[in-house]
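Residue numbers (the numbering used here), protein chains in the order written: chain A, 800 to 931; chain B, 800 to 931; chain C, 800 to 931.
No wet-lab data here; the hints were simulated from the structure. Among the hints, erroneous ones may be present.
If chains are identical, the list can't say which one is meant, so a pair holds when it fits in one copy or spans any two.
As the list claims (entries may be wrong) - Mimicking EDC-like on lysine to aspartate or glutamate, the simulated pairs with C-alpha atoms at most 16 Å apart in a straight line are:
| id | residue 1 | residue 2 |
| --- | --- | --- |
| 1 | K811 | D853 |
| 2 | K866 | E878 |
| 3 | K829 | D809 |
| 4 | K802 | D872 |
| 5 | K807 | E831 |
| 6 | K832 | E930 |
| 7 | K822 | E899 |
| 8 | K829 | E930 |
| 9 | K820 | D872 |
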Amino acid sequence: MLKKLILKTDRKVDFVDISEKIKNVVRESKVEKGTVLIFIPHTTAAVTINENADIDVQKDIVKEINKIVPFEDNYNHIEGNSAAHIKASLLGNEEIVIIENNNLVLGTWQGIYFCEFDGPRTRKFYIKILEG
Amino acid sequence: MLKKLILKTDRKVDFVDISEKIKNVVRESKVEKGTVLIFIPHTTAAVTINENADIDVQKDIVKEINKIVPFEDNYNHIEGNSAAHIKASLLGNEEIVIIENNNLVLGTWQGIYFCEFDGPRTRKFYIKILEG
Amino acid sequence: MLKKLILKTDRKVDFVDISEKIKNVVRESKVEKGTVLIFIPHTTAAVTINENADIDVQKDIVKEINKIVPFEDNYNHIEGNSAAHIKASLLGNEEIVIIENNNLVLGTWQGIYFCEFDGPRTRKFYIKILEG
Numbered sequence: 800m801l802k803k804l805i806l807k808t809d810r811k812v813d814f815v816d817i818s819e820k821i822k823n824v825v826r827e828s829k830v831e832k833g834t835v836l837i838f839i840p841h842t843t844a845a846v847t848i849n850e851n852a853d854i855d856v857q858k859d860i861v862k863e864i865n866k867i868v869p870f871e872d873n874y875n876h877i878e879g880n881s882a883a884h885i886k887a888s889l890l891g892n893e894e895i896v897i898i899e900n901n902n903l904v905l906g907t908w909q910g911i912y913f914c915e916f917d918g919p920r921t922r923k924f925y926i927k928i929l930e931g
Numbered sequence: 800m801l802k803k804l805i806l807k808t809d810r811k812v813d814f815v816d817i818s819e820k821i822k823n824v825v826r827e828s829k830v831e832k833g834t835v836l837i838f839i840p841h842t843t844a845a846v847t848i849n850e851n852a853d854i855d856v857q858k859d860i861v862k863e864i865n866k867i868v869p870f871e872d873n874y875n876h877i878e879g880n881s882a883a884h885i886k887a888s889l890l891g892n893e894e895i896v897i898i899e900n901n902n903l904v905l906g907t908w909q910g911i912y913f914c915e916f917d918g919p920r921t922r923k924f925y926i927k928i929l930e931g
Numbered sequence: 800m801l802k803k804l805i806l807k808t809d810r811k812v813d814f815v816d817i818s819e820k821i822k823n824v825v826r827e828s829k830v831e832k833g834t835v836l837i838f839i840p841h842t843t844a845a846v847t848i849n850e851n852a853d854i855d856v857q858k859d860i861v862k863e864i865n866k867i868v869p870f871e872d873n874y875n876h877i878e879g880n881s882a883a884h885i886k887a888s889l890l891g892n893e894e895i896v897i898i899e900n901n902n903l904v905l906g907t908w909q910g911i912y913f914c915e916f917d918g919p920r921t922r923k924f925y926i927k928i929l930e931g
């Protein structure tokens, strides 16, 4: 099963919790056991799994990644968003989560985040469910 | 097939070779062809594949990642372990390895490492085998 | 279906577009729906998905990653290529792409890149197709 979802981001760099959206797609699929692949078809966005309790964790991740890969650093790419491309490769554009009992197998504090690095924009991502 | 394994880490930042544990689970499964997913259900730990020969490689990785993401950097998260969360997202919480002839298809120098970034702790990880 | 491909890299740090090679393997497999796993069996190379239009993006990624992880930084590993090992873990040694209608589901600007961090060398990578 393959599904495409649409998402609006609000800031230049923005982490959006997409865990519930993915859980809903898994629930609708009625697949009891398997895996779900989340794939981001953009080159200035990523997906990561991290803490869903204290929002300060997301803020710290964003702040530190912006420091590790500065917005301006004599980049050559004329669109001016090279930092976003680099961050996308560092965090990666896909995640796989295990499905058991028609639900995601995640740790207590884990949420799945769409990572916007060159927003705000309308974005999309794919959800592919593999039974087995 | 889904299996949960327990692991004890010994240091604050610690790389633990889990290759043999995963090989054993694959062997017991009797699956000849497919893939095995290693999934870390924590937000301050990760999994990576890197050199298994010279232990200095792991030490250099740990030292340099601790430099790229310093333990203290005016983080907001009150638990004081933001650096560990950031490292977890940079290295990622999953790996997939190919199974062929009931064995892992790894390069000569590749080992699979559980990456502790906020230890020492008792941790767990999931192993999901997909036939095909 | 499992396939091993050979690749020659030309520089110490080098991004090589392998999208067409992967598309060809998918086409030959005649698999209509599923996923394709690209796995790098080396510890000083990686695979990433990023922009395929302006070559300056790749150059900026390479330049910035070389800056984040310097070639020399009092590393202990006697082979002198610790920086390459660290970059490999940061970018990751695998990607999964969705197959639909016997073709890759990639964004408009996405290409799949073999990332050489300790070349030039003759390298290999695995392509595993999972139907479903």
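Evaluated hints:
Within a single copy, K811 and D853 get their C-alpha atoms no closer than 21 Å, and across copies no closer than 22 Å, so neither meets the 16 Å cut-off. In the homo-oligomer, the alpha carbons of K866 and E878 never lie at most 16 Å apart, since the shortest distance is 20 Å inside one protomer and 21 Å across protomers. In this assembly of identical chains, the alpha carbons of K829 and D809 never lie at most 16 Å apart, being 32 Å within a copy and 41 Å across copies at closest. Taking the closest pair of Cα atoms, K802 and D872 never come within 16 Å of each other, the shortest separation being 37 Å inside a single copy and 40 Å across copies.
In this assembly of identical chains, the alpha carbons of K807 and E831 never lie at most 16 Å apart, being 30 Å within a copy and 31 Å across copies at closest. Both within a single protomer and between protomers do K832 and E930 lie at most 16 Å apart by alpha-carbon distance, with minima of 6 Å and 13 Å respectively. Proximity of K822 and E899 under a CA criterion of 16 Å is satisfied intra-copy only: 12 Å inside one chain copy versus 22 Å between copies. When the C-alpha separation of K829 and E930 is checked against a cutoff of 16 Å, the pair qualifies only within one copy, where the shortest distance is 10 Å, while the shortest distance between copies is 19 Å.
Taking identical chains as interchangeable, the C-alpha atoms of K820 and D872 are never at most 16 Å apart, the minima being 36 Å within one chain and 33 Å between chains.
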